[in-house]
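K.L.:
Residue-level listing of the chains:
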Amino acid sequence: MDQFNNIPKEKFEFANHSNFSHEKKLKTKPVGYFQDAFRRFKKNKGAVVAACIIIFLILFAIIVPFCTQYTVSYSDIYFKSTRPKLKLFENTNFWDGCEKKNTGKLDFMYYYAMGLESGHNAIKNQEYTIDEEGKYNYRLDSYHQIGVIYKNISDEEYKLIQDYQNRTGRQVIYPTVKLADRPKALQDQTNANYYYKTSGTSKTQIVYDDDGNIQPVYWTYVDGEKGGSYYDPNDQYDSIRIKGDNYVGEDGRTYSYAYARVTSSGWECRINYYEYYIFQHTEVLKDGIKEPYFIFGTTGNGKDILTCLASGARFSFIFATLVAVVNLVMGAIYGAIAGFYGGKIDLVMERISDILSAVPTMIVITLLKLHMGSASQMITLFIAFIFTGWIGMASSTRMQFYRYKRQEYVLAARTLGASDIRLMFKHIFPSAIGTLITGCALVIPSMIYSETNLSYLGIINLETGSITSVGTLIAAGQASLQSAPFIAFFPSLFLVLLMLSFNLFGNGLRDAFNPSLRGSEG
Amino acid sequence: MYMFKYVMKRLGLMIMTFCIIMLMCFVLIKLLPIVITVQQGQDANIIVNRLVARGYITNAVLKPDGTWSYDRVPILIQLGNYLKRIFMEGDFGVGVSLPSYRGYSVLDVFLEKLPPTILINLYSTIISVPIGLGIGIFAALKKNKWQDQLINVFIILLISLPSIVLGLVIQYFLCFKWNLLPQTMLSGFDYFTWPMFKSMLPPVLALCLGSIAGYVRFTRAELAEVLTNEYMLLARTKGLTRGQATIRHAMRNSMVVILPSILSDFIAVLSGSLIIESMFSVPGVGRLYLDSITYQDYDFFMLLSAFYCFVTLLAGIVIDISYGFIDPRIRMGAK
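Sequence lines, in order, name chains S and F. Quick note: the first sequence uses my numbering, first residue 1, plus one each step. Quick note: the second sequence uses my numbering, first residue 523, plus one each step.
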């Protein structure tokens, strides 16, 4: 044999010189499982639109909490049930933070007078019409309808506000009214908006002068006669004064308005809340809030809906994804074992999951909540969702394993000595992954849906400090559906968009991953 | 005979599952602390004595700080007592901490709350089945034409609409804005008067819109599949009109799938929708269940859990069993 060892390569030649071109490599690109699925998914227009909406909602949940000037824990009771306002629509009658009103003269004048005094028009542009029944039609600006309030402030803050007024030219403090001139009716005695002459002890009525105008009753004193019982000499108010202040009376003396009333704890001032809010947030708290501006309005507790909704959505997405991942891992392992080994193991495992899945979710959550009373509700909810959530995943994994485990390629791998674990997760599991992805995608909306329902029913309450949820917002909205329907509107809209788009998206995914549909749509 | 065996097997399995779940519930509930809450002017001794009399606790002593110390009876003995009372006397316990039902028999209260829940779901089924089937048949006959696509869009919208939002929309427009219907359901026991029926309409509407969408989608899918079968062609060939062929042949065959799902749906909704019930203040079982959680009244909770659990299980097996009855060709579980 040795003599043939060193025959050079060139000496060899083909016995026949036929062309081997038919074994040429294919020029086309191979289409993998996911590429194929993606291609078919793209053909489904509805699903693509739904995917875009989902991406938009997720971006909304991620970005908005960083962009708004408010936080979830923020609340301001004076700005409660404030209507949604977008600066873009400020000059239209839509989304402008105003509410259409049709009231009698008394209510109308109450708001109209606010604008007369400070220029902060509670009635939008001070425009109104009177219908044939004598009722007034106008748009009430919910940002200015608070008007002025009596507030006790310290000497230090009093100085600070005067300083702020002088610096910016924005008037916060308005002339105050003597106790004797304030309304007599019990419910209006602390209402600072009555700076004019009123009468009535059970219901406050406005006293008009001969021309039908309101008559201001500011606390007036004579210049140079500081002191005495009616006015505090220490009040060194030296800042913006309203028009008409410092007038010269018929007796030749100069009259001025008092801007504060001395109390045991400092000064009681009549302050315009809108301006005070700006002062408070820009000068004192310095928390980045420039002015009251709520794009989606506020809840009955004065929380900003936009911020709460976005944070709630972000929480829901993170939470649902976490649950889905845990469910997927647990379900896949459980289903793989049951499906792969079959027989007695499968029978026992199936019975266990049968029984678990028959327990109504509501009962699971209730029992968990009662047992984990002191623990965080979030953990309770997490465990409750996982408790039965993995069963769907497990059963679909099991089905796929039954389908593929008898196939020849698995037998081939086993013949080559592959271990059970390798067979399960390297050879069979990838075939099941399409169904599982679809299942996973559909778990997220159902999770958000159940969480919403549970929060709404009050079984769980996720609202703690910096966390809130969509369900909590909807529940808050339903409570004031009649007076402020917009509170429920935006969270509901979010939920509807989410469910709708996830439904379409899930259907698209299911069709895309279903190999039996391959090529059927032409 | 074969069918009988199959039904028996399924029922046996169901009862076993039910017993295991209820056993778990019972044990978990008995591990919870017992709430002894006393209302103004009420004697705590009455509650404690009641708990002692029912064999839940012994050696109850009022401590100086106003709280009670007691020894629990072992859970298995409690279970024995509980089962004995149920089977010997039909006694499911008495209300302990639920304010308006202290001392009432749990079963009586439950039976009193059942009619509104059942009625609302009955009305909803009566309304939604014909409408759902009708629209579904129409859509299947007009498959892939514009009518079908229009219906499809509405169906997807309705199915995706969470019941919580649907309820809000109905409440806002029908009850507040247009003031057509009362906002909450009337209380009282005259269930068959016109004002009562009117006050039931908002929850019924909220329930049936969702079911209608479900039925339409289901009927359309089933019927559209059946319509492509060859025996439909044969039926037309032998001279039946399209309508006759659809009603006599296609509908019957698609009913094999549709009817069980209607049955199962009906049973499943017996448990009612907690959301709808609490939104429209229906004085039904759902409210009672939520209250029993809030006030931790365990006898109520046990009975209601059993009810919900039973209904869920029953709805599950009804589909399987009724397939066999409706269509003898299907032999469920046959080897």
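Calculated directly from the structure, the hints in this document are not laboratory data. Keep in mind the model is a prediction, meaning the values are calculated, not measured. Beta carbons: idealized from backbone N, C-alpha and C, even for Gly. Any given hint might turn out to be false.
[Claimed, not checked] Label pairs and their computed distance ranges (CB to CB): (1) F:605 x S:32: 56 to 62 Å; (2) F:709 x S:288: 49 to 55 Å; (3) F:720 x S:197: 32 to 38 Å.
[Stated by the list, open to error] So, partial list: chain S residues that the calculated Cβ filter (under 7 Å) puts toward chain F: (4) 352; (5) 355; (6) 358; (7) 453; (8) 496.
[Unchecked claim] In silico SDA-like pairs for lysine to any residue, Cα to Cα no more than 20 Å straight-line: (9) F:699 x S:350; (10) S:101 x F:535; (11) S:426 x S:32; (12) F:552 x S:370; (13) F:531 x S:354; (14) F:531 x S:349; (15) F:531 x S:120; (16) S:344 x F:535; (17) S:45 x F:675; (18) S:100 x F:700; (19) S:105 x S:156; (20) S:369 x F:544; (21) S:105 x S:204.
K.L.:
With 7 Å as the cut and Cβ atoms as the points, is residue 355 of chain S at the interface with chain F?
P.N.:
Where the cut-off is 7 Å and the nearest Cβ of chain F is about 5 Å from residue 355 of chain S, the hint holds.
K.L.:
Quick check on residue 453 of chain S please, does its C-beta sit within 7 Å of some C-beta on chain F?
P.N.:
holds, 6 Å
K.L.:
Holds or violated: residue 100 of chain S with residue 700 of chain F, Cα cutoff 20 Å?
P.N.:
holds, 17 Å
K.L.:
Given the hinted pair residue 699 of chain F and residue 350 of chain S, is their Cα-Cα distance within 20 Å?
P.N.:
violated, 52 Å
K.L.:
Confirm or reject the claim that residue 720 of chain F and residue 197 of chain S have a C-beta distance inside 32 to 38 Å.
P.N.:
violated, 50 Å
K.L.:
Hint residue 358 of chain S vs chain F: min CB-CB distance below 7 Å?
P.N.:
holds, 5 Å
K.L.:
Tell me if the interface restraint on residue 496 of chain S is satisfied: Cβ within less than 7 Å of some Cβ in chain F.
P.N.:
This hint holds: residue 496 of chain S lies near chain F, its Cβ roughly 6 Å from the closest one there, short of 7 Å.
K.L.:
Taken at face value, is the distance from the CA of residue 354 of chain S to the CA of residue 531 of chain F at most 20 Å?
P.N.:
holds, 15 Å
K.L.:
Residue 369 of chain S and residue 544 of chain F: Cα distance at most 20 Å?
P.N.:
Given that 20 Å is the threshold and the Cα spacing comes to 18 Å, the pair holds.
K.L.:
Compare the distance between the alpha carbons of residue 531 of chain F and residue 120 of chain S with 20 Å, and conclude whether the hinted pair is satisfied.
P.N.:
violated, 77 Å
K.L.:
Between residue 552 of chain F and residue 370 of chain S, does the CA-CA distance stay at or below 20 Å?
P.N.:
Cα-Cα ~11 Å, so holds.
K.L.:
Quickly compare the C-alpha distance for residue 426 of chain S and residue 32 of chain S to 20 Å and report which way the hint goes.
P.N.:
holds, 16 Å
The structure fails hints 3, 4, 9, 10, 15, 19 (numbered hints given earlier, in ascending order).
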